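J.: This is what each chain is made of:
There are 2 protein chains.
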Amino acid sequence: MRFDRVLTDARLATMVPGETPYGTIEAGAIGISGERIAWVGPAADLPGEADITDNLEGRWVTPALVDCHTHLVFAGDRSDEYERKLAGESYQAIAKEGGGIRKTVEATRKAGAAELAAGALSRLDAFASEGVGTIEIKSGYGLTRESELTQLKAARGVGLASGMRIVPTLLAAHTIPVEYEGRSGAYIDEVCIPLVREVAKSGLAEAVDAYCETIAFSPEETRRLFIAAKAAGLPVKLHADQLSDTGGAKLVAEFGGLSADHIEYTRADGVAAMAKAGTVGVLLPGAFYALREKRLPPIGLMRDAGVPMAVATDANPGTSPLVSLLTAANMACTLFHLTVEEAFAGITREGARALGLSGEIGTLEAGKRADLAIWDIERPAELVQWIGRRPLHGRVLGGEWL
Amino acid sequence: MRFDRVLTDARLATMVPGETPYGTIEAGAIGISGERIAWVGPAADLPGEADITDNLEGRWVTPALVDCHTHLVFAGDRSDEYERKLAGESYQAIAKEGGGIRKTVEATRKAGAAELAAGALSRLDAFASEGVGTIEIKSGYGLTRESELTQLKAARGVGLASGMRIVPTLLAAHTIPVEYEGRSGAYIDEVCIPLVREVAKSGLAEAVDAYCETIAFSPEETRRLFIAAKAAGLPVKLHADQLSDTGGAKLVAEFGGLSADHIEYTRADGVAAMAKAGTVGVLLPGAFYALREKRLPPIGLMRDAGVPMAVATDANPGTSPLVSLLTAANMACTLFHLTVEEAFAGITREGARALGLSGEIGTLEAGKRADLAIWDIERPAELVQWIGRRPLHGRVLGGEWL
Numbered sequence: 216m217r218f219d220r221v222l223t224d225a226r227l228a229t230m231v232p233g234e235t236p237y238g239t240i241e242a243g244a245i246g247i248s249g250e251r252i253a254w255v256g257p258a259a260d261l262p263g264e265a266d267i268t269d270n271l272e273g274r275w276v277t278p279a280l281v282d283c284h285t286h287l288v289f290a291g292d293r294s295d296e297y298e299r300k301l302a303g304e305s306y307q308a309i310a311k312e313g314g315g316i317r318k319t320v321e322a323t324r325k326a327g328a329a330e331l332a333a334g335a336l337s338r339l340d341a342f343a344s345e346g347v348g349t350i351e352i353k354s355g356y357g358l359t360r361e362s363e364l365t366q367l368k369a370a371r372g373v374g375l376a377s378g379m380r381i382v383p384t385l386l387a388a389h390t391i392p393v394e395y396e397g398r399s400g401a402y403i404d405e406v407c408i409p410l411v412r413e414v415a416k417s418g419l420a421e422a423v424d425a426y427c428e429t430i431a432f433s434p435e436e437t438r439r440l441f442i443a444a445k446a447a448g449l450p451v452k453l454h455a456d457q458l459s460d461t462g463g464a465k466l467v468a469e470f471g472g473l474s475a476d477h478i479e480y481t482r483a484d485g486v487a488a489m490a491k492a493g494t495v496g497v498l499l500p501g502a503f504y505a506l507r508e509k510r511l512p513p514i515g516l517m518r519d520a521g522v523p524m525a526v527a528t529d530a531n532p533g534t535s536p537l538v539s540l541l542t543a544a545n546m547a548c549t550l551f552h553l554t555v556e557e558a559f560a561g562i563t564r565e566g567a568r569a570l571g572l573s574g575e576i577g578t579l580e581a582g583k584r585a586d587l588a589i590w591d592i593e594r595p596a597e598l599v600q601w602i603g604r605r606p607l608h609g610r611v612l613g614g615e616w617l
Numbered sequence: 216m217r218f219d220r221v222l223t224d225a226r227l228a229t230m231v232p233g234e235t236p237y238g239t240i241e242a243g244a245i246g247i248s249g250e251r252i253a254w255v256g257p258a259a260d261l262p263g264e265a266d267i268t269d270n271l272e273g274r275w276v277t278p279a280l281v282d283c284h285t286h287l288v289f290a291g292d293r294s295d296e297y298e299r300k301l302a303g304e305s306y307q308a309i310a311k312e313g314g315g316i317r318k319t320v321e322a323t324r325k326a327g328a329a330e331l332a333a334g335a336l337s338r339l340d341a342f343a344s345e346g347v348g349t350i351e352i353k354s355g356y357g358l359t360r361e362s363e364l365t366q367l368k369a370a371r372g373v374g375l376a377s378g379m380r381i382v383p384t385l386l387a388a389h390t391i392p393v394e395y396e397g398r399s400g401a402y403i404d405e406v407c408i409p410l411v412r413e414v415a416k417s418g419l420a421e422a423v424d425a426y427c428e429t430i431a432f433s434p435e436e437t438r439r440l441f442i443a444a445k446a447a448g449l450p451v452k453l454h455a456d457q458l459s460d461t462g463g464a465k466l467v468a469e470f471g472g473l474s475a476d477h478i479e480y481t482r483a484d485g486v487a488a489m490a491k492a493g494t495v496g497v498l499l500p501g502a503f504y505a506l507r508e509k510r511l512p513p514i515g516l517m518r519d520a521g522v523p524m525a526v527a528t529d530a531n532p533g534t535s536p537l538v539s540l541l542t543a544a545n546m547a548c549t550l551f552h553l554t555v556e557e558a559f560a561g562i563t564r565e566g567a568r569a570l571g572l573s574g575e576i577g578t579l580e581a582g583k584r585a586d587l588a589i590w591d592i593e594r595p596a597e598l599v600q601w602i603g604r605r606p607l608h609g610r611v612l613g614g615e616w617l
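Chains as they are written, first to last, in our numbering: chain A, 216 to 617; chain B, 216 to 617.
Read the hints as simulated data drawn from the structure, not as lab findings. What you are looking at is a predicted structure, and each value in this text was computed from that prediction instead of being measured. Glycine is no exception: its CB is placed at the ideal position from the N, C-alpha and C atoms. A few of these clues could be false.
[As the list claims (entries may be wrong)] Derived BS3-like pairs: lysine-lysine, alpha-carbon spacing no greater than 27 Å straight-line:
1. K325/B <-> K300/B
2. K325/B <-> K368/B
3. K300/B <-> K509/A
4. K445/A <-> K368/A
5. K325/A <-> K416/A
6. K325/A <-> K368/A
7. K509/B <-> K509/A
8. K300/A <-> K509/B
9. K300/A <-> K311/A
[Claimed, not checked] According to the in silico footprint, chain A covers these stretches of chain B (three or more CB under 8 Å from chain A):
10. 503–509
11. 535–543
12. 553–564
13. 582–596
Please take these sequences and the hints and turn them into a complete structure.
T.: See the structure below:
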């Protein structure tokens, strides 16, 4: 067997479930052919040679990290209202003056794709420095046909410029735009559903998301949108049961959805439906932390039912100003009581599953893309334990060192 | 007036208390002579020229950040027990096997100054990338004369190698070493007090700290140590009232201490004593977060009494694995309800005050050291709002770009 590249003298956290924690292979090696992992195992068993051999001197190699839920493409700044809220002003007073998500929508509508991409790229640096290889980016601050498409194009542009894999998601049903106030159903029918059909054809988005909540879209409106997505051939996911139990997790599972996200208020019937459908529970502790929420997602129920759990940043300028996926993993342990291995699986293997990319990324296995993070650490748990430490030695994406 | 260097086209957050939030000067300039700030004000009023002029193109300049409470010099790794605790094992079971702080002590005692300095330097990178200019480092993992001195020497070495100002603190009274189990008073008298006298002479430490708590040293033992420190001419500070109210804040104030740190359980009498003595309250939300504590420090009482509040990381391998001072500031807002300006003052002006360095660093004022952080931001509040973002353009320390 001949490889293009071999990484050797490595400790591998393959994240393949099995006998060892983290799917660890000590004294391991990885053979790469083209963009793919061709072979993974103990270095002593390496079945061939390579044009290039990189000796990693005992460093740890993990799958490149996967952030499966972000809102990274937006314009404007909301640090002023962050400041005012902490100084004691009410959310209502700020919203009345056009603050909150509407401020981001206003700024995003005015921005072109290039400006949006530049802003997102500046934020993407933080992810790159933590070994992230794949990142989902949602639209949802445009709320018009034109502006939603511009956001999705910006997301695509960010992928080309950064070398990272960007997974764009249509989230037109994020909030009700001012021009449709009191007419959320009409917004779904007149803007969101036509957009679903359009992006399904153009390939600008790989999934459809919505915000099902008392302050956003009803289960009935969400269902109409999901029916359209299914008809158009796009998978669905949902901001579900974040602030109240609207049955969102159950609804998205009914459509065989990729993931139910937030899920603080999801109950046993929702968890059972997710388990049956294979829908991933995406935990977003950054929003829980920033909003000072108290209600914990049903971690124990999900564990017992075998619902896969992913962890993501929810990076956005309002409710989760967090651009560190490793910190999200730490918060998942500290705030949601995940084990360290569960949290790390949440930002690798299960993050990939939540994007429908289990066959492509998220573990170190032959046949998958050679997306790797190489670390200056002694144990994988250090990555989750320390906040603010970035012991990344380097990234290999698609078989090439970045 | 002739300067060595002028920074112009800058927005200045001087952090000088006054009429504008953050002591802001829009369209400002800074004149530097040698290591010092010689002039600060509106660029239009600049009273002279310079050999070198740096146009900052509208960027924000703040004082370089100050972290006034860390345990950055240590050896060994405790990610294994972090992992075991999250998997459900009890602290007691882990301590029984020699885990907890004793594990760090054992590893630190075996390490030489060079190894300790190398470890600390690897952690210091994270602070440098966030614009930190001054960082306090405590001993307290040696607990013998030799090993405590080795830790302090490593801290000095870290300062020389990093270009940052390191403020070393003797914390021999951190925990009771195994060889003195049940004889904490003897440890104070036989090890800690002689060390206080020795470092006061050699200048290896600039202050004396202790851990006054039911699981560590009693108020009476702490008092004996403080009397010795005062006699030797060293200022004191204290890990006070973290897990219970032992009257620690009141005690350290009685000695005119620099700061009372943690202070979750400090009551009104302690706050009053701090106000009278000018003792800074050092908030350590990273430990509060990591230990999942519930009891909040008396922020309202301190505000009302005019007690200055600093914010620090408490960076250590057990109870606060946090090496991001900006994240500490965010946590101070989210968890302790500080305003954004209070939190930012806590990692600049008040951090300096907690180190007794108010005359030297912590604000942008003529006469102070030219320790500056230059940022790619639109508003200072962004620095506190976002977790994981590091929009540092550069640092000037002692008048020189790093």
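J.: All hints are to be evaluated individually against the structure, with a verdict given for each.
T.: Results of checking the hints against the structure:
no.: 1; hint: K325/B <-> K300/B; in the structure: holds (26 Å)
no.: 2; hint: K325/B <-> K368/B; in the structure: holds (15 Å)
no.: 3; hint: K300/B <-> K509/A; in the structure: holds (22 Å)
no.: 4; hint: K445/A <-> K368/A; in the structure: holds (22 Å)
no.: 5; hint: K325/A <-> K416/A; in the structure: holds (26 Å)
no.: 6; hint: K325/A <-> K368/A; in the structure: holds (15 Å)
no.: 7; hint: K509/B <-> K509/A; in the structure: holds (12 Å)
no.: 8; hint: K300/A <-> K509/B; in the structure: holds (22 Å)
no.: 9; hint: K300/A <-> K311/A; in the structure: holds (13 Å)
no.: 10; hint: 503–509; in the structure: holds (count 3)
no.: 11; hint: 535–543; in the structure: holds (count 5)
no.: 12; hint: 553–564; in the structure: holds (count 4)
no.: 13; hint: 582–596; in the structure: holds (count 4)
In terms of the numbered hints stated before, the structure departs from none.
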